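S.K.: So you can see what is in the structure, the chains are spelled out below.
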Amino acid sequence: MSDEENVPETQMENVSDGAGLEEEDDDDMEQITAQKVLEILETAWINEMCAPEILPSQVDMLELMVSQVAHMEEQMRDLDKNDFRAVVHGMELERVRYIMASYLRCRLQKIETFTQHILNQEAARDPDEKRLSPEETKFAQDFAGHVDEYFHKVATQYMPNQQRGEAELRIVTPNLMSHVFLKANVAVPAVIVGVDDEEVDMAAGSQHIIPYQLVADLIQNNQAQLI
Amino acid sequence: MSRSNKLFGDKAFELLKELERSSQTIPAFDDDGVRQVLEEIKAIFEENVAQASTYNTSGDRSLWPLLNFRHAALQRNKRCLLAYLYERCRRIKALRWEFGPIIPADIKQTLCEPEVQFFNSYSKSLAAYMCSAGYSQGAGQGLDLTNNLRPPKSLYIEVRCMEDYGKFELDDGEVIHLKKNSQHYLPRAQVESLVRQGILQHIA
Amino acid sequence: MDPAIIEFIGEKVMISIIPNFSNEPLHMIYGSVGPFRAGFPVFVPLWMATHLRKQQKCRIVPPEWMDMDILEEIKEEEKRSKFFTKMPCEHYMVVAQLVMSTAPDDVPRCEELRTVIKDIFDIRESKLRTSIDAFIKGEGTYAKLDNLTLLEIHSVRPILPYSLDHIARYQRMATASQRDTSMLSNSMMGSSSVPNSNSLFSQ
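Just so you know, the sequences run in chain order X, L and F. Here the first sequence is numbered in my numbering, starting from 2 and rising by one per residue. Here the second sequence is numbered in my numbering, starting from 474 and rising by one per residue. Here the third sequence is numbered in my numbering, starting from 2 and rising by one per residue.
None of these hints come from the bench; they were simulated from the model. Relax, there's no trap hidden among the hints.
When the alpha-carbon atoms are kept at most 30 Å apart in a straight line, the in silico DSSO-like pairs for lysine-lysine are as follows:
{"#": "1", "chain 1": "F", "residue 1": "K55", "chain 2": "X", "residue 2": "K82"}
{"#": "2", "chain 1": "L", "residue 1": "K626", "chain 2": "F", "residue 2": "K87"}
{"#": "3", "chain 1": "L", "residue 1": "K581", "chain 2": "X", "residue 2": "K154"}
{"#": "4", "chain 1": "F", "residue 1": "K145", "chain 2": "X", "residue 2": "K184"}
{"#": "5", "chain 1": "L", "residue 1": "K626", "chain 2": "F", "residue 2": "K58"}
{"#": "6", "chain 1": "X", "residue 1": "K184", "chain 2": "F", "residue 2": "K128"}
Away from chain L, derived, C-beta distances all over 10 Å, residues of chain X:
{"#": "7", "residue": "Q32"}
{"#": "8", "residue": "K37"}
{"#": "9", "residue": "E54"}
{"#": "10", "residue": "H118"}
{"#": "11", "residue": "K184"}
{"#": "12", "residue": "E200"}
{"#": "13", "residue": "V201"}
{"#": "14", "residue": "S207"}
Values in this document were obtained by computation on a predicted structure and should not be read as measured data. Heads up, the beta-carbon is just placed ideally off N, CA and C, and yes, glycines get one too.
Looking at chain X on its own, in the form it has when it is part of the complex:
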């Protein structure tokens, strides 16, 4: 499946800027195959579904894949819609679209649940550490405004003594210590697995249940993935 010579159609155009690709160290920086992009998106999607907090956005990968899907649709236009090739390609595009849509929906859901918490965290992050895409940030800000407005109109404006601390108390935060299922992609030595600093060496391919916060960094640098 990695024989790139045979799959010219699935070869991506040059990636315009390398942003977001730095971590793919064993991959050609200029050329990234559609297959690789899909793999990255799939992993990001599953991680996002399983992680309690919002993870860094894969907006670059999404853009690449959206244009790849459009390109495939263009090519399929000439095929009879009953041609088995059209049907099979169509099915694959449906699968890809589902992954992308489900991924973005999952993020929106977290943004809606933890709105203020996420906005506060984003505000404290350096520009290259931001986890939301600009569009998601805009959505989060708008959404926070809508909820506040609704609460204000119906209730909070009539509540006496709204101390400044009250809004703070209402901030919903994810439970980072919630347990997740994890699979190590590579061997990871000396992972702390308990509050008492107990350590475990994770073998490549091994699976574990563990509080999220203890392995959050492994997920971000792709040494492990959630399942």
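Put chains L and F on the given structure of chain X with help from the hints.
M.R.: Showing chains L and F alone in chain X's frame:
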């Protein structure tokens, strides 16, 4: 001090329980209940303010537990009321995903004005998000987040039409007539929203 | 995670089919498949195999492990072993279920296979329940889950992570209240370690 034999917070808790019990998508906004809870909050607060000043001047420590008790009652009322609103928010958002940008008339009746505004603002923000991200207006079919809700199983599905809907144009320009009880074999992606709205029923 | 999603992920597994048509390779986003030559086996993703089978464009070649002798052996091994044995396929339940429901005619001794696979799954599930029980009673917060398949992991979700989350929450509450007997203490209520999705309700 206790002018009624009802306990503090009963009404607020009732609000939440009613919402939880209701089998409707979203029950009518309980205007009266919300107002009563707000009044109770205000009454408790005023009583406490009055007694707090007595406490400050007289230093009568026997008032302290009572002040604390009322404060807790006040916080509980706020909490229940906001939880009630929060849960309604959640259901109103779900309407957008289920029915699109227009609230069905029978459901709209159950919302209060600020809720309708919330729905409209939410709907607009969501649409703006999907557009600006280029996912719904890109080339080809693009990506509509309110579609592709379930993992795809097949491109075409067998559906039965539940009401006289009229003409429906497919992406390739083909026009089909959706008449009550007629059966069709259609691209799943394009009819998903009609299925969700109950106009078409997915059979086998 | 929705069971439909588990199936969706399992449908990526490559499986052998014997097409009754010929065609050039298809350049899919996920990689190339084919060429297809009538009468010759070719590997395709499971979702494609079930589709082509429904269209009567191919026969499905059941994976090697879908064999009575091999599966009986696995079943005995699973009974003997205290731990979970390694399954021949990470998505054995999804693959078996989809292949046998789409193409029962392509699978020799289909009914017997169904039974033995179900037996294996049941043995593993009961082992899983026993070990979870011991794990929770032992007040652990971490465990190794080697050789469990995605579907099996899913079968204990959400109960396992949720119960652990709750136990951890009570432990943190207990520790915090030892430190400060006043349950109204703001420092604890505001702490980010208090589990939350309903922190609106836990002020």
